[in-house]
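As you go down the protein sequences, you meet chains Y, L, C and P in turn.
So the number in the numbering used here is just where the residue sits in the first sequence, counting from 1, plus 20.
So the number in the numbering used here is just where the residue sits in the second sequence, counting from 1, plus 20.
So the number in the numbering used here is just where the residue sits in the third sequence, counting from 1, plus 20.
So the number in the numbering used here is just where the residue sits in the fourth sequence, counting from 1, plus 20.
Don't read these hints as lab results, they were simulated from the structure.
Don't take each hint at face value.
[Stated by the list, open to error] The list that follows gives simulated cross-link-like pairs (lysine-lysine, DSSO-like), each with its CA atoms no further than 27 Å apart: (1) P:K285 to Y:K148; (2) C:K148 to C:K285; (3) Y:K150 to Y:K79; (4) Y:K148 to P:K264.
[As the list claims (entries may be wrong)] Derived contacts from chain Y toward chain C, CB cut-off under 7 Å, selection only: (5) G118; (6) K121; (7) T122.
Heads up, the beta-carbon is just placed ideally off N, CA and C, and yes, glycines get one too.
Spelled out, the chains give:
Protein chains: 4
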Amino acid sequence: MYRVGIIGAGLIGAKRAKALRAQDTLVAVADLSKDRALALANSYGARIEDSWQSLVQRKDIDIVVVATSNNSITLCANEALKNNKHILIEKPGGRNPGELKTLWEVSKQTQRIARVGFNHRFHPAMLKAKSMIEEGAIGEIMYLRARYGHGGRIGYDKEWRANPEISGGGELLDQGVHLIDLCRWLGGEFSLEVGRVHTFYWDMPVEDNGFLLLRSPDKKRFAHLHASCTEWKNIFDFEIFGKKGKLQIWGLGRSYGTEELRYYKVKPEMGVPDFTSFSFPEEDRSWDLEWSALIDNIEGRQSPISHLSDAYHALDIVYQAYDQSGLKF
Amino acid sequence: MYRVGIIGAGLIGAKRAKALRAQDTLVAVADLSKDRALALANSYGARIEDSWQSLVQRKDIDIVVVATSNNSITLCANEALKNNKHILIEKPGGRNPGELKTLWEVSKQTQRIARVGFNHRFHPAMLKAKSMIEEGAIGEIMYLRARYGHGGRIGYDKEWRANPEISGGGELLDQGVHLIDLCRWLGGEFSLEVGRVHTFYWDMPVEDNGFLLLRSPDKKRFAHLHASCTEWKNIFDFEIFGKKGKLQIWGLGRSYGTEELRYYKVKPEMGVPDFTSFSFPEEDRSWDLEWSALIDNIEGRQSPISHLSDAYHALDIVYQAYDQSGLKF
Amino acid sequence: MYRVGIIGAGLIGAKRAKALRAQDTLVAVADLSKDRALALANSYGARIEDSWQSLVQRKDIDIVVVATSNNSITLCANEALKNNKHILIEKPGGRNPGELKTLWEVSKQTQRIARVGFNHRFHPAMLKAKSMIEEGAIGEIMYLRARYGHGGRIGYDKEWRANPEISGGGELLDQGVHLIDLCRWLGGEFSLEVGRVHTFYWDMPVEDNGFLLLRSPDKKRFAHLHASCTEWKNIFDFEIFGKKGKLQIWGLGRSYGTEELRYYKVKPEMGVPDFTSFSFPEEDRSWDLEWSALIDNIEGRQSPISHLSDAYHALDIVYQAYDQSGLKF
Amino acid sequence: MYRVGIIGAGLIGAKRAKALRAQDTLVAVADLSKDRALALANSYGARIEDSWQSLVQRKDIDIVVVATSNNSITLCANEALKNNKHILIEKPGGRNPGELKTLWEVSKQTQRIARVGFNHRFHPAMLKAKSMIEEGAIGEIMYLRARYGHGGRIGYDKEWRANPEISGGGELLDQGVHLIDLCRWLGGEFSLEVGRVHTFYWDMPVEDNGFLLLRSPDKKRFAHLHASCTEWKNIFDFEIFGKKGKLQIWGLGRSYGTEELRYYKVKPEMGVPDFTSFSFPEEDRSWDLEWSALIDNIEGRQSPISHLSDAYHALDIVYQAYDQSGLKF
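Let's have the full structure, built from the sequences with the hints guiding it.
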């Protein structure tokens, strides 16, 4: 029973529209491309707005979804908050930690809910891993290890992601930031131990690979991460090692392979551990679940959706890695 | 037609004995345990020597194999060289880079061949990967990524590997050093960009995990490595990314899984690459091939066996990582 | 530029509508459920017809798609042919070979194209396998071996497929018939050597498992097939063995796993063959390709779409297996 | 504490010698090749006998192992029984069911234990599957499905297995008979519903492929089996379907892949089942366990070793399949 406005009618905006609950209503859509706005609005019986500014001012909207390219996210989000809307903005939430810090400050002065769409948290294998960790299935976490990447496509270096004015950064900011967010969600607070980004292949001013080593404040846990858009064959592999076993999440569906969670439990006698496999071949429902998690927060219930602080910390790690690598945007 | 003496009659010494060519002769064996020396010597009609000192002085020995624990390697190797023997010593070649540096210096003053047994180079998938790289199958190398680990066993932290007086270090020095050697062999020179070791689980003064980021001197190539003895389920996964494709070596046989090489070639139109799989289920012949490679060097032919300089550089990287992690042995 | 009418507005009817080319037009839809007909018609700006009889009589329709349950297929198809329409009917094409034989006879007396939707032929791995076979990649075919099955769902035995009055048969007729069609398409003519069907689990008068051994008329080729709806975990595994190698098609997407074709080539020295893997994680395009193949036939070009004779022979094999198993419908 | 004689000092004879318990003694070895007999005898401090006839007459032997080629098994075994020895003979136990029937009759008239070495029963995945079935893990068995095969090697059709005078039959009798034995052991009594053998590839008078459909006497259970020596890539895949789940045994080690048991349990809500994987990368211990199982029987304890009746029934099924295929040896 919420009234929703969407800024940005591209692929992600359309996913957000589709993820609304039956009782929610898409009221209005804004996009720099009128055609795109129209196409999305028509499918849901919504209006189009001439500008995002007019959209956020509508009185009949409760929640504003900001699904624009990175350079417009915090701008739109700020105004939406000031107009007393709840907001859901797309990851990474802005071009750099500075933009997010400001937004976070603004949000503290409102009573509105501001959340960030790190939808990977809502993949079924991740949700199950999270609950198994909380039940003690693998004991105290020691370290996490992950590989996330894709192979690009012809002309990838000419797309908006390759332009730091629009994107704020490259592969580490795009896919890598998911890994950072997942590590912090599953494994607790982390800060950057060391980070290196490099542009090996694509002819673009942003990095195509990021290598990270994170460490918890108590120095007890590590996270060893790699994000790449020169992976050639898409991969998502996320492992969590505890003192009693390990969890491995493989795949995100489609070209990343069928999503699967494997649970290895250390046997009292050690030796080769058995494992249990949970397979999730169903269509991706993460967008629906994330939307429900937003509503949960709005209505005062807990849920695992990312806060602005989560996005800020993740993006801050990305920018520290840029700094360590001598990269400036 | 070489006459061989082996110092150290344990598991590895026995593998070396078995790897001799039909025309070579095992002449003598020495081991701190007379029983162990006897068992090995008897299987090959060899004599046992009371001490390694007397073994290296025998006139009827051409090659001395040093298969002792790490703390004795360079000691024995030095004397063997001084007695004008060719030597094959086991990886990592010593407890620390200082020991290896000295040995390397000594070797320069002899006409003898001194080599180090990094047998992973001689696994069939590695040899094939090496030759494919040289033929340009994946183009210019961008980065390497590897995971190597095992799950330990009850009492692992009470074994000699856990005692730095004997071993010189922990998991990074034991399994990790293979990864470093392979990176340098396949990908050219590397130095340490950053390294962290940590002891998460086992009650021992040496590390049970090592995380490395290496970089080539020209700053163009990276290697992102992890070695662990809290991996729970044995893994060997070694990936090499070039601008035209990637190679992945998976498994080392037995509990590490059937050894396989996968070759992914980037298609002109990009998209999901096909891959070709080469499977090597046969018994491990790396020890035989390494022995032949030693003979090749002795007889003036080229071969891919590790030199003392290779071992020195690999161990130096290990010790730099210890230093960066505040670990001192 | 064809005008199309669809009889049967269920899941498959909707897939057919979606598969029309941009230049084709969905003119009319008929379904026993007016709501269902309306839903589909509305999405495409088509009309609904009160009955399939009136649909097939419309002058402004060139092609009639029959996507009803099995008991109505030949009835509708006959009338459509008599009204001078091209037809595409869903597999297996009717409830029993008798129905298909009659339809086949009718079709011979018209100038219209009559085809059957065995869409598995148009999966990318199958198309590639077909072309590799034709290029001689595996040499002369010796035998085919396949496993195809699903795990059912609660109440499966109460669905229409469990009622032989409607379906004409059980699992062998439903999924097994795909295997038979693929064997005949890829491996040439086959007849039933022996067939057994049995109902192990589901409380229904039709079989839940079918075991077949087919043989070519020249007695040189075999096909060893199993279809099951008590497979518990969905599987599609189709292997073709030739004298020079083998092809394996695994998966159909989604819960059947990512579609993959593996090509094993016998080496001159034999031993463990390498294999090349072609992966097809993209969304299922078989319906589009099958539609284009129908148009190809209509316009006089060749294409790999199933003819009525193919469907008849496949269903005849199914019914011979019923007969051998003492099953009568 | 048993004294053992081995007839046949080839590969299998050597495995049997190695599998003796520490307290057992290899007393004597006989082989048509004196060299081969000598090599084996020497490794164990045993004597060689000039003939198998003299071996079976030795008073200081309790158990005779018959590891000859198929044409000599029952001949030697008969005499061993008559000389009051326990016997362990290799699968399939003879060239044809007639030979085994006679031996079985003879054995009934002695107090000695006569068993047949179907070592696949003693693979760890099989033993675990057996015990899980008995504990009801998959409920009532419905059917079994298996693929077992290898790719041959250059000159395979010139080896003894290709000569029916020596072997008694081809691939179905060689590898296929294991499948039949396993089906009967795990799934209860079976008889041949239909069998076809064919020689597709190798230039030999025995079959290179066998296709079987077995059925239990109560007509409730099936087994759908394929054995091949034109499989190109070695495979062992054995599946057991019950009303509550399924078990899959994959691999036999080495070139057949790491042995693994997967257990799929049907969920109350059905849908994609989770599975648990048990992996057995250790060296093959089946020969040791089978030997212990023989001793168990000798000493009056139960064990899962094959009886002569098991071998007879398995071979009888093989020969019925030959008969149905018009093959006579």
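Against the structure, the hints:
1. P:K285 to Y:K148: Holds, because 19 Å separates the two Cα atoms, which is no more than 27 Å.
2. C:K148 to C:K285: Measuring from Cα to Cα gives roughly 15 Å; hence the hint holds.
3. Y:K150 to Y:K79: Violated - the C-alpha atoms of K79 of chain Y and K150 of chain Y are around 38 Å apart, more than 27 Å.
4. Y:K148 to P:K264: Holds. K148 of chain Y to K264 of chain P sits at ~24 Å (cutoff 27 Å).
5. G118: violated, 38 Å
6. K121: At 39 Å from the nearest chain C Cβ, K121 of chain Y fails the 7 Å test, so the hint is violated.
7. T122: This hint is violated: T122 of chain Y lies away from chain C, its Cβ roughly 40 Å from the closest one there, beyond 7 Å.
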